[in-house]
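Trainee: Those sequence lines, one after another, are chains G and D.
Per our numbering: the first sequence = residues 1 to 175.
Per our numbering: the second sequence = residues 1 to 390.
Honestly, the hints are just simulated from the structure, not real lab data.
Straight-line alpha carbon distances no greater than 25 Å define the calculated BS3-like cross-link-like pairs of lysine-lysine that follow:
id, chain 1, residue 1, chain 2, residue 2
1, G, 123, G, 105
2, D, 380, G, 24
3, D, 306, G, 24
4, G, 14, G, 24
5, D, 306, G, 13
6, G, 13, D, 373
7, G, 169, D, 30
8, G, 24, D, 373
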Amino acid sequence: MCINEKWVNDLEKKELELLKLLEKNGRLEVETISKMIDLTVDQTKEMMEKLENECAILGYSTLVNWAKVLQYEGVTAMIDVKVTPTRGAGFDKIAERIYRFPEVKALYLMSGAYDLSVSVEGKTMMEISRFVSDKLSTLDTVVSTTTHFVLKKYKHDGIIFEEPDEQDKRMMVSP
Amino acid sequence: MTTEGKNFVADHINELKPSGIRRFFDLASKMENVISLGVGEPDFVTPWNVIEASYHSLERGYTSYTANAGLLELRQEISKFLSESFQVEYNPESQVLVTVGASQAIDVAFRAIINPGDEVIIVEPSFVAYVPAVRLAGGEPVIVEATQENQFRVQAHQIEAAITPKTKAILICSPNNPTGAVLSKEEMEAIATVVKKHNILVLSDEIYADLTYDEAFTSFAAIEGMAEHTILISGFSKAFAMTGWRLGYATGPKEIIQAMTKIHQYTIMCAPTMAQHGALEALRNGMDSVKEMRVSYRQRRNFVVKALREMGLECHLPGGAFYVFPSIEKTGLTSSEFAEQLLQEQRVAVVPGDVFGDSGRGYIRCSYASSMKQLDQAMKRMDKFVQSKI
Ligand SMILES: Cc1ncc(COP(=O)(O)O)c(C=O)c1O
Numbered sequence: 001m002c003i004n005e006k007w008v009n010d011l012e013k014k015e016l017e018l019l020k021l022l023e024k025n026g027r028l029e030v031e032t033i034s035k036m037i038d039l040t041v042d043q044t045k046e047m048m049e050k051l052e053n054e055c056a057i058l059g060y061s062t063l064v065n066w067a068k069v070l071q072y073e074g075v076t077a078m079i080d081v082k083v084t085p086t087r088g089a090g091f092d093k094i095a096e097r098i099y100r101f102p103e104v105k106a107l108y109l110m111s112g113a114y115d116l117s118v119s120v121e122g123k124t125m126m127e128i129s130r131f132v133s134d135k136l137s138t139l140d141t142v143v144s145t146t147t148h149f150v151l152k153k154y155k156h157d158g159i160i161f162e163e164p165d166e167q168d169k170r171m172m173v174s175p
Numbered sequence: 001m002t003t004e005g006k007n008f009v010a011d012h013i014n015e016l017k018p019s020g021i022r023r024f025f026d027l028a029s030k031m032e033n034v035i036s037l038g039v040g041e042p043d044f045v046t047p048w049n050v051i052e053a054s055y056h057s058l059e060r061g062y063t064s065y066t067a068n069a070g071l072l073e074l075r076q077e078i079s080k081f082l083s084e085s086f087q088v089e090y091n092p093e094s095q096v097l098v099t100v101g102a103s104q105a106i107d108v109a110f111r112a113i114i115n116p117g118d119e120v121i122i123v124e125p126s127f128v129a130y131v132p133a134v135r136l137a138g139g140e141p142v143i144v145e146a147t148q149e150n151q152f153r154v155q156a157h158q159i160e161a162a163i164t165p166k167t168k169a170i171l172i173c174s175p176n177n178p179t180g181a182v183l184s185k186e187e188m189e190a191i192a193t194v195v196k197k198h199n200i201l202v203l204s205d206e207i208y209a210d211l212t213y214d215e216a217f218t219s220f221a222a223i224e225g226m227a228e229h230t231i232l233i234s235g236f237s238k239a240f241a242m243t244g245w246r247l248g249y250a251t252g253p254k255e256i257i258q259a260m261t262k263i264h265q266y267t268i269m270c271a272p273t274m275a276q277h278g279a280l281e282a283l284r285n286g287m288d289s290v291k292e293m294r295v296s297y298r299q300r301r302n303f304v305v306k307a308l309r310e311m312g313l314e315c316h317l318p319g320g321a322f323y324v325f326p327s328i329e330k331t332g333l334t335s336s337e338f339a340e341q342l343l344q345e346q347r348v349a350v351v352p353g354d355v356f357g358d359s360g361r362g363y364i365r366c367s368y369a370s371s372m373k374q375l376d377q378a379m380k381r382m383d384k385f386v387q388s389k390i
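Please model the entire structure based on the sequences and the hints provided.
Mentor: Encoded structure:
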């Protein structure tokens with residue numbers, strides 16, 4: 001029993017390690033990961049499949065710095081939304097109405113001065129304004145919206161957007 | 001340097017061998033596109049809160065000397081840290097000395113205890129500074145070799161065999177640079193018995209104490225009856241990624257720490273003040289960063305050991321530090337040949353094992369304190385090299 005518990009714990013720890021590694025770099029090869037967390041390749045694949053089935057892993061995406069892509073001039077806005085929660089469904093129902101829009105990239109329920117924080121991406125400011133005036137503020141339960149346009153992205157999902165100073169500042173060989 | 005044939009440099013300094021690391025550094029730094037696994041320091045930058053705390057101390061004008069032994073607050077924090085982490089108790093007023101790196105702590109420790117001709121047992125392969133430090137203090141280094149058959153963990157009987165009436169101390173470094181080996185508690189207890197029987201000291205270089213990956217670390221000072229026989233040496237360089245800050249410490253029996261403080265007072269005054277303020281923050285709020293770095297090192301250790309074994313090199317699993325020490329015997333090359341040819345042919349820098357003592361012959365030290373991307377590349381290049389030699 002005890003040994004089993006330890007084994008389960010170990011596995012859980014390894015799952016955590018696996019998730020953290022993949023969160024940082026979704027392109028790590030399974031062979032590499034398996035060596036790092038001391039499992040066989042098959043065990044690692046199995047673990048990944050399990051986590052995918054449990055929706056702990058939702059996908060493997062690439063963080064693109066669109067500012068670097070010439071023809072693409074996108075605009076991002078963060079919109080603070082105040083809503084009236086509906087009886088029974090609370091905020092979930094209105095949240096769903098909002099997150100179904102493809103231009104909505106992120107949506108959070110917030111504590112504090114407003115209720116929902118909506119992150120929206122569009123090609124132009126016009127496009128986003130149109131989204132706010134035509135689609136978002138016309139929803140019944142939406143009381144008010146405040147739109148903030150993002151001027152510059154410095155860091156997103158833990159990754160710094162400026163060219164990192166990747167130069168190794170250490171001496172090549174040291175004791 | 002000679003002027004009209006006169007050599008001004010002292011004889012005992014002329015006799016001191018230059019470190020083999022230096023030669024290799026010169027070779028590697030002239031080349032381009034080299035991946036270096038030769039670096040003996042973390043690849044992390046110091047945690048931001050530590051940097052910020054040091055900035056802040058400067059902004060507030062903390063730019064003067066501190067007490068010789070270091071800021072009392074820092075000594076208190078060191079004492080608390082050692083007590084909580086390793087169950088060893090030191091009075092911050094009299095048993096803690098803050099130094100310019102563990103390097104200086106090692107130097108003053110030897111100078112404080114060595115009478116001319118005293119012997120100090122050094123376990124090799126070892127960090128390159130110990131033997132010269134003993135010599136500079138007027139002592140005689142006596143070498144004991146830790147070998148692969150014991151996973152580079154020195155055995156008590158080996159130490160006992162090297163003890164003479166002149167033996168004053170033994171230097172032990174676990175987790176070890178360059179082998180990564182970590183002594184087990186039982187092995188330490190056996191060594192402690194020998195140390196107490198012969199009434200000598202242990203200089204325990206515990207700078208990698210927070211970087212152990214399989215088992216909880218035991219300090220030599222925590223072994224029954226060893227507090228009076230141990231000078232514990234540690235520092236911030238490795239676990240907190242603070243090599244450039246030059247900050248370490250020594251703790252031990254009051255008379256010895258006081259003697260060391262006397263030397264320190266005349267030769268250094270005090271460790272850098274801004275670094276001491278950074279270290280204070282490191283101990284107070286830096287342990288989460290250490291934990292994160294430890295996980296990352298462990299993953300990289302696992303990766304590198306497996307990759308080396310897959311290419312056919314014999315490699316023990318090091319329990320700590322950030323080095324692996326594989327045998328390169330299979331290639332038929334000497335350590336230096338291996339390292340030089342690997343550098344020339346595949347542009348990967350490793351350190352020949354014999355730099356760390358004769359017993360390192362036939363081995364190389366690879367540091368895994370490099371990004372996974374670099375480690376992956378380096379292992380692929382090394383694999384090509386090794387396959388071309390065996
Ligand atoms: C075993 C060992 N002791 C001491 C030191 C020196 O550390 P510090 O930077 O604290 O002087 C090193 C650094 O490489 C080391 O590996």
